[in-house]
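**Student:** Protein sequences, first through last, are from chains Z and S.
Sequential numbering of the first sequence, starting at 88, is according to my numbering.
Sequential numbering of the second sequence, starting at 1265, is according to my numbering.
Watch out, some of these pointers could steer you wrong.
Stated by the list, open to error - Here are the simulated BS3-like pairs of lysine-lysine, each with C-alpha atoms no more than 30 Å apart in a straight line:
#1 S/1684 - Z/423
#2 Z/401 - Z/423
#3 Z/423 - Z/454
#4 Z/159 - Z/454
#5 Z/159 - Z/423
#6 Z/159 - S/1684
#7 Z/399 - S/1462
#8 Z/423 - Z/326
#9 S/1527 - S/1462
Said to hold, decoys possible - Some chain Z residues near chain S, calculated using beta-carbon distances under 8 Å:
#10 158
#11 162
#12 165
#13 207
#14 215
#15 228
#16 230
#17 235
#18 385
#19 395
#20 429
#21 430
#22 458
#23 474
None of these hints come from the bench; they were simulated from the model.
As the structure is a computational prediction, the values presented were derived from the model and not from experiment.
Beta carbons: idealized from backbone N, C-alpha and C, even for Gly.
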Amino acid sequence: MISVDTVESIVEEARTLVEDPSYPAARRWLEDHPEGKVLGHFQVYFPEELAHAAGMLPLKIAGFDTTLQIRKADAHLAAFVCSIARSALELVMSGTLDILDMFVFPPICDVARHSCAVWARNFEDIDSQILYLPHNAASPAAVPYLTGEYRRILREIEEVASTRVTDGALRASIELFNENRRLIRELYRIKRETPWLLSAVEAYLLTRAAGAMPREEHNLLLQRALAALETRDGKPQDKIRVVFSGGFCEQPPLDLISVIQDACYIVDDDFMVGLRWIVSDVTADGTDPIEALADAYLNRSDYSPVQHDPRKPKEEMLLRKVREAGAEAVIIAAAKMCEPGLEEQVGYGQALYEAGIPHLVMEFEEKTTTFEQTRMEVETFAESLLFEFA
Amino acid sequence: MTTPTKHERRIVIRPPLSLAGTTRDENRKLIREWWAELDAAGEEGRPVANVFVMGSMAEILRTFDMPIAFPEMTSLQTAVRGRSLEFITTAEDAGYSPDICGYVKADIGVHLQGGDHPMGHLPEPSLVVATNLCNTYIKWAEIWERMYDCPVFVFDIPGWRGSGFETKRGSGTFRDDVRYVEAQVRELIALTEEVTGKKFDIDRFRENLAQVNELSRLFREVLELNQHRPAPFNALTEGINLMGIVNAYRGSPKGTRFLEIAKAEFAERAARGVGAVPDERFRLLLVGTACYSNFRDFAGLFEDWQGVFPHSDYMSFAGGALDRGVHYDLDRPIESMAEQMVLTTQEAMGGMFWGQDWLTEVVREWSIDGIVFHGVKSCRTVSTGLPDEREWLLRRRDIPGLFIQSDLVDPRLWSAAQLKNRIDAFFESLESRRAAGARR
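Here chain Z stands alone, though its shape is the one from the complex (with noise of 0.2 Å):
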């Protein structure tokens, strides 16, 4: 007998996936492909593009919950320092994730940075870097730099996997992460428009499970979830529908998701941002593709508090996304101990105030286990927002 794909089922091959701190899918590509090496990086954005052609598995580390109890990391951060730089570090350090050949940090924050040190000095079999991508963003020579860049990042690569990349292979790689990108963004289209058929929970798991899974498979995953959404039915219900503003980085626990979406619609958001960073394929054919990507990442891309671009003012951007989303109202959140974060939600809160756009100021940290105090805070939120009139 033939199963039927349903979004609950393929939903919960996701989960299975994005909750576990040993990465299952990874651990099955490693038994498919012996000699395979694994290059992990923290999601904000990497051009995964580059690990894939050298035939190295990408993986998001994005921290983690409770599952994964903190009992090294701690010893080697200061205190003041968010929970994703604890978890990823005790990941590898508890011997949970011993599958990582290179790790690679965004220079994104003071953290970040200092991450890989740390890293460099506790994990010397893995080849630690950071990809310096570019902070003077609108400069004519941040694309020049970046192709630079972007080929020294791939020589390190090429030597842990032993191999040489052409541009053929690039250009491969480049389509396969194309598609995923035009799955991610009909997944949150339908989330946009039709929110009752795909709730933010399960939007956000089957993306996610990108950064866990070979992305050829996460493709086939979408393909499938897609089509089983097609013959979903579902009735709208009376939520406002919010943007969710403050996941670019540490990643919100899913419970903390879930009393939110319990109250409102969140039909936009910046969860794992890295895997939509680039907001429409990169054109690779008949250019240099290393340079395609550098373009991409500059220029045609999405925005968050950790990267200054005059081109794209950030309150401006916000306004914009609630527009295009229909929303009403916004959550501020910021993971805990996220300076970037942190610093934004003044400046966005005065932006949506000029604009008359209700909004909700939290803060979150993914080892957050009780929400009873979120849960109060979000509903009486929505309900001013409801009974407005009453």
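For this one, chain Z is given, so just place chain S on it according to the hints.
**Tutor:** Then chain S, alone, in the frame of chain Z:
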């Protein structure tokens, strides 16, 4: 404990030092002048640049006679004067989190209160230059951008890249980095021309570069004087005065003259065997920053044990890499500035993240007994990896270290008893170590 307390130490009567106090007097004069210039610029509506100590680009801005405000310094001053908390809470009342940089909040609090600072009036910036050397610089700059609608130039200097990275002059990565930085030097010059309405004068620029070459040479000589035992100055306390001037007057003959005065005074102390801390017993290296809201108490916790800090990594990273040796080639000023920026930044910032080799070198050359790692909540740039670095140096190089935590400017994070317990225990362990060494 056999160590004499500060009340029990022997009193040695020496002939007075002829240069005693000259550095402090000059420092006070120059800081007042610096504030007076900011006040005057604010009153007259002349353009002022807000910059940061790591990568101030003073060499360029001074060419345009632009007064330069350093918010890290002005925030520090609010703390040393015991006023930081009122500004921090003003910023928190406006929505800034208790968990972000206290320097940012102290500064924003001053701006929210109309700019009135305990030492003068903070003018509105006409231009902000923020390097990536501390990521919070960029977020801080964005706050002013929102407040004053002023241009923000993020000057990006690619840094240390990870496992096995070395800055190699001839490498492709070095060339790529320099090309990127050189383009930004030119972009910043063009932007400053626009903001000030003045044309760039390359000869003035050369003069500024020449002053920085001299400043760097003198700065290294001053630091080397502290290899003397006893150390003639305390990098923890008097070091702050040095850092203030070398930043505020980088590229100016006044900065160079100041270091000549400091060098003469410290050399006299060294020649006469006068240490910064009476009867010096322990030589320490500070990694991180001091706690400025409780500055005297912080220093006292070490001085009570006759501990002196002959060096600190603060003297390195907060000095715009002057200690690394800046050598601008005046025949090709713009290109050379870009090269030196890349070289010195990668060395100084690499030293902050991947600090074990530089710290080992300082321990050896400045005869250090132990390292004090002071993590501060306000500054993840300097603090994040300190416990790991401490553990690595102890395990791999047998260099003892102490890790303590408080803050730069937020007195709410000062815990006197806890700090004292840990610091006392560290000194006791250094004493035991010394005794064990003597027995061997």
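**Student:** Give a verdict on every hint.
**Tutor:** Here's how the hints hold up against the structure:
For the hint linking residue 1684 of chain S to residue 423 of chain Z, the alpha-carbon distance of about 29 Å falls within 30 Å, and the restraint holds. Proposed proximity of residue 401 of chain Z and residue 423 of chain Z is supported: the alpha carbons are some 20 Å apart, at most 30 Å. A distance of roughly 10 Å separates the Cα atoms of residue 423 of chain Z and residue 454 of chain Z; the hinted pair therefore holds under the 30 Å criterion. The suggested pairing of residue 159 of chain Z with residue 454 of chain Z holds, with an alpha-carbon distance near 16 Å, which does not exceed 30 Å.
Between residue 159 of chain Z and residue 423 of chain Z the alpha-carbon distance is near 20 Å, which keeps this suggested pair within the 30 Å criterion. Under the criterion of a C-alpha separation no larger than 30 Å, the hint pairing residue 159 of chain Z with residue 1684 of chain S is consistent with the structure, at around 26 Å. A distance of roughly 29 Å separates the Cα atoms of residue 399 of chain Z and residue 1462 of chain S; the hinted pair therefore holds under the 30 Å criterion. Straight-line distance between C-alpha atoms of residue 423 of chain Z and residue 326 of chain Z comes to about 28 Å, which keeps the hinted pair within the 30 Å bound.
A distance of roughly 36 Å separates the Cα atoms of residue 1527 of chain S and residue 1462 of chain S; the hinted pair therefore is violated under the 30 Å criterion. At a threshold of 8 Å, the smallest CB-CB gap from residue 158 of chain Z to chain S is about 15 Å, leaving the interface hint violated. Checking residue 162 of chain Z against chain S by beta carbon gives a least distance of about 6 Å; that is within 8 Å, so the hint holds. Interface restraint check for residue 165 of chain Z: the shortest CB-CB distance to chain S comes to about 4 Å, inside 8 Å, so the restraint holds.
With a cut of 8 Å, the hint placing residue 207 of chain Z at the interface with chain S holds, because the nearest CB-to-CB distance is about 5 Å. The criterion of a C-beta within 8 Å of any C-beta in chain S is met by residue 215 of chain Z, whose closest approach is roughly 5 Å, and the hint holds. The interface hint given for residue 228 of chain Z is met, as the beta carbon of that residue sits about 3 Å from the closest beta carbon of chain S, less than 8 Å. Look at residue 230 of chain Z: its Cβ only gets to about 10 Å from chain S, farther than 8 Å, so that hint breaks.
The interface hint given for residue 235 of chain Z holds, since its Cβ lies 3 Å from the closest Cβ of chain S, which is under the 8 Å cut-off. For residue 385 of chain Z, the suggested interface contact is broken, since its CB lies about 12 Å from the closest CB of chain S, more than 8 Å. Using the Cβ-Cβ criterion of 8 Å, the hint placing residue 395 of chain Z at the interface with chain S is satisfied: the shortest such distance is roughly 5 Å. With 8 Å as the threshold, the beta carbon of residue 429 of chain Z comes within range of chain S, its nearest partner Cβ sitting at about 4 Å, so the hint holds.
Interface restraint check: residue 430 of chain Z against chain S, minimum CB-CB distance 4 Å, threshold 8 Å, status holds. The beta carbon of residue 458 of chain Z is not positioned within 8 Å of any beta carbon in chain S (closest approach about 20 Å), and the interface hint is therefore violated. About 26 Å separates the beta-carbon of residue 474 of chain Z from the nearest beta-carbon of chain S, more than 8 Å, and the hint is not met.
Checked against the numbered hints given earlier, the structure breaks hints 9, 10, 16, 18, 22 and 23 and satisfies all the rest.
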